[in-house]
Amino acid sequence: MITFDFIVNLLVATIRLSTPITLAAIGAVICERSGIVNIAMEGIMLIGAFFAAIVAFYSGNPWLGLLAGIFFGAIFSLLHAFATVSLHLDHVVSGAVLNILALGLTRYLMVLIVGHPGTSDPIPVGLSDYQFAIPVLSRIPVIGPMFFNQTPIVYMSFVLIILFTWFLFKTKTGLHIRSAGEHPLALETIGVSVYKMRYLGVLVSGMVGGLAGAYLSIENNVSFTEGMTNGRGFIAMAAMISGGWHPVGAFLAALFFGFADALQVRFQVFKIVDLPEEVFIIFPYVLTVIAVAGLVRKSRPPKAVGTDFMIERSED
Amino acid sequence: MNRTYSTALNAVMVVLGAIGSILWLGATFRSGETYYFWGIWLIVAAAGVYLVRYTLENGRDELLALVRKSLRSVVVPVMGIVVAILIGGVLMAITGYDPIAAYQALFYGGLVRNWHISVLNAAPLIFTALSVAFAFKAGLFNIGAEGQYYLGAMGATWASLYLGLPGIISIPLVFIFAALLGAAWNVVPAFLKVKTGAHEVITTMMLAHVARYLSPVFIRANGGDPATSLHPYVTFEILENNMLPSFSQFMEHANYRVHTGILLAIIVALVINFLLYKTRIGFEIRAVGENKDAARAQGISVGKNIFRALLIAGALAALAGFNQVNGLDHKLFENLQAGYGWNGISVALLAGGNPVGVVFTGLLWGMLDAGGQFMSRTTQTPSAIVEIVKGIILFLVVARYIYTAISQWWKRRKQKQTTAVAAGQA
Chain A
1 MITFDFIVNL LVATIRLSTP ITLAAIGAVI CERSGIVNIA MEGIMLIGAF
51 FAAIVAFYSG NPWLGLLAGI FFGAIFSLLH AFATVSLHLD HVVSGAVLNI
101 LALGLTRYLM VLIVGHPGTS DPIPVGLSDY QFAIPVLSRI PVIGPMFFNQ
151 TPIVYMSFVL IILFTWFLFK TKTGLHIRSA GEHPLALETI GVSVYKMRYL
201 GVLVSGMVGG LAGAYLSIEN NVSFTEGMTN GRGFIAMAAM ISGGWHPVGA
251 FLAALFFGFA DALQVRFQVF KIVDLPEEVF IIFPYVLTVI AVAGLVRKSR
301 PPKAVGTDFM IERSED
Chain B
1 MNRTYSTALN AVMVVLGAIG SILWLGATFR SGETYYFWGI WLIVAAAGVY
51 LVRYTLENGR DELLALVRKS LRSVVVPVMG IVVAILIGGV LMAITGYDPI
101 AAYQALFYGG LVRNWHISVL NAAPLIFTAL SVAFAFKAGL FNIGAEGQYY
151 LGAMGATWAS LYLGLPGIIS IPLVFIFAAL LGAAWNVVPA FLKVKTGAHE
201 VITTMMLAHV ARYLSPVFIR ANGGDPATSL HPYVTFEILE NNMLPSFSQF
251 MEHANYRVHT GILLAIIVAL VINFLLYKTR IGFEIRAVGE NKDAARAQGI
301 SVGKNIFRAL LIAGALAALA GFNQVNGLDH KLFENLQAGY GWNGISVALL
351 AGGNPVGVVF TGLLWGMLDA GGQFMSRTTQ TPSAIVEIVK GIILFLVVAR
401 YIYTAISQWW KRRKQKQTTA VAAGQA
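Chains as they are written, first to last, in the working numbering: chain A, 1 to 316; chain B, 1 to 426.
Take these hints with a grain of salt, some might be off.
Stated by the list, open to error - In silico DSSO-like links for lysine-lysine, alpha-carbon gap of 30 Å or less:
#  : chain 1 : residue 1 : chain 2 : residue 2
1  : A       : Lys172    : A       : Lys271
2  : A       : Lys303    : B       : Lys304
3  : B       : Lys292    : B       : Lys304
4  : B       : Lys69     : B       : Lys411
5  : B       : Lys411    : A       : Lys196
6  : A       : Lys303    : B       : Lys292
7  : B       : Lys331    : B       : Lys304
8  : A       : Lys303    : A       : Lys271
9  : A       : Lys271    : A       : Lys196
10 : A       : Lys303    : B       : Lys195
11 : B       : Lys69     : B       : Lys304
12 : A       : Lys170    : A       : Lys196
Calculated directly from the structure, the hints in this document are not laboratory data.
Since the model is a prediction, treat every value here as computed from it, not as a measurement.
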């Protein structure tokens, strides 16, 4: 039963299933590094997925859908930034509210634009049609099909992991973002606005979250389904924590969750063990709990994450 | 004031309030409209008796202070609701629906015509919201109340299928069993939180998904058979002695579906309020929620209280499951999107984590749901607009800083005006 092909397929599926978690997790890394807890990721992904599918459907162009996903994810995340940074609202509360809002908003717009609830009509061209193999590299056994024969957003996620790592640790803005999450007062003292850095962090996470949503609806799928994120935003949070608030660590953790998911699907399909299918469905969720419990002690969150920062304006 | 008077007035208030609530909550407007209004008047009368007693005990100044304080705590939610309804109206107008007709249908449906559905919706929400609110008091976010709800529903179904004692003994046993299962479901998050610091938002959320997918397995083991069309995704019906009494058993004209779970929810809310504000346990939990270090310095064990808070929260959410199974459905349906847990978060946030406030916000949410359904049926406006209005209400109410900012801006403007006037005079 377990052949070479089976293993290669499993690994390729691992990459595919981990991509939305990777994207959301590296977005959350930037966000939390700037000091804002972002449990609104679930809602951001949902909004991104919805608008990506709608725009791709009506324009017939999945690339426009991709841009729409990023754009609306960013817009939605700005609400979170506004609530937590400008209105000084508790980060977890704001995130929970936005998740609820995203669910309602997509349901309403679904009826309004598509005309019926549930699942939207399939888009004519999906991003999966743009799968391309990188010459030479894709010939390498196992690694080739995993990393070099993929669909566009998967490639983008690879690039973004490197880009974000460089951005956070090698650029001045990255340093400022990290300072906003570690010691906001010090940052403000040297004349850099903490508010701006935190807005930037949330905005970046919103864009990547929207991209993750677009992946779900127009690359891995051909339509939008209500509530299709199904807890992935929270699994991404777990990946971020297990990955020690580092883009590469988050990617590795997301791979682990993707692997669990891919394995779960195969257990279900091939009936390797005779158990109810639900037992396999819950496998990744249980694994998340174990990962958070086991790895959380080794990683340290940014010192000021989740805390409010308020500038006292002098009254004049 | 004389103690006897005070006790007597208290008793009168409780009796009026209880009878009023029963009449109001059990009424079906279509035929029993007199009960509906009698109920409201009796509740108003109970509130009046409370104010009289308060004045006699504390004097008029204290009464005015109380009125001012309660008005101030109500003004933000009321403003949030009004503004959200306006925004929802604008949204409907932009997208081509008639907001006035829609809102008429919403309030007529939710408060009058389908009042019994509002009550049915509210009961489980009050339980899950109490769960979230209770955890909040300890500084914890029980975002996975949905999962504890499923556990409670499964436990209640299982016990009610096989426990054949007289109802007066059997129902409390089922109640306790469901609560214990819900509490047990939160042992893992509580343990991990205390021992490793794993955030309860992630652990309870993931366990909620686990519980969600366990329910179909449970249903198949207890009567659900996908091979037959008779009941593919539902358990057997529970024994009759384990069903909660319905209002129609002691009130004429009451809708046969409305059961006494809502009264149970209100009683539990009062008990939780007492537990939080009048007992040592409640004091410790609140102390841990306010400031962990200060609590520790006072000799309060933080870990122990995190355990207490999460376990009680789990039990409360599980009672929502008990309420649905033993009160309304009398069997467990496979419903992976029940959403009582998620909605309970909104209800708790809206009430500011106050257990008594939860009763009112729960009824408001239940009313919006029932009214929304009526609205979409009669005016073809998508009921999802209600979800958006709810989201906006929540946002406006929890973002209290908006109001602080507005009042500060207002003060500054006034100051500027006065200084300008003063300058002009000089």
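Do the hints match the structure? See the list:
1. A/Lys172 - A/Lys271: At roughly 53 Å apart (the allowed maximum being 30 Å), lysine 271 of chain A and lysine 172 of chain A break the hint.
2. A/Lys303 - B/Lys304: 26 Å, holds
3. B/Lys292 - B/Lys304: 12 Å, holds
4. B/Lys69 - B/Lys411: Between lysine 69 of chain B and lysine 411 of chain B the Cα gap is close to 21 Å, so the pair holds against 30 Å.
5. B/Lys411 - A/Lys196: 27 Å, holds
6. A/Lys303 - B/Lys292: 17 Å, holds
7. B/Lys331 - B/Lys304: 36 Å, violated
8. A/Lys303 - A/Lys271: 46 Å, violated
9. A/Lys271 - A/Lys196: 52 Å, violated
10. A/Lys303 - B/Lys195: Roughly 20 Å separates the two Cα atoms, so the pair holds.
11. B/Lys69 - B/Lys304: Not satisfied, since the Cα-Cα distance of roughly 34 Å exceeds 30 Å.
12. A/Lys170 - A/Lys196: Status holds; Cα separation ~19 Å.
Hint compliance for this structure: hints 1, 7, 8, 9, 11 are broken, all remaining hints hold.
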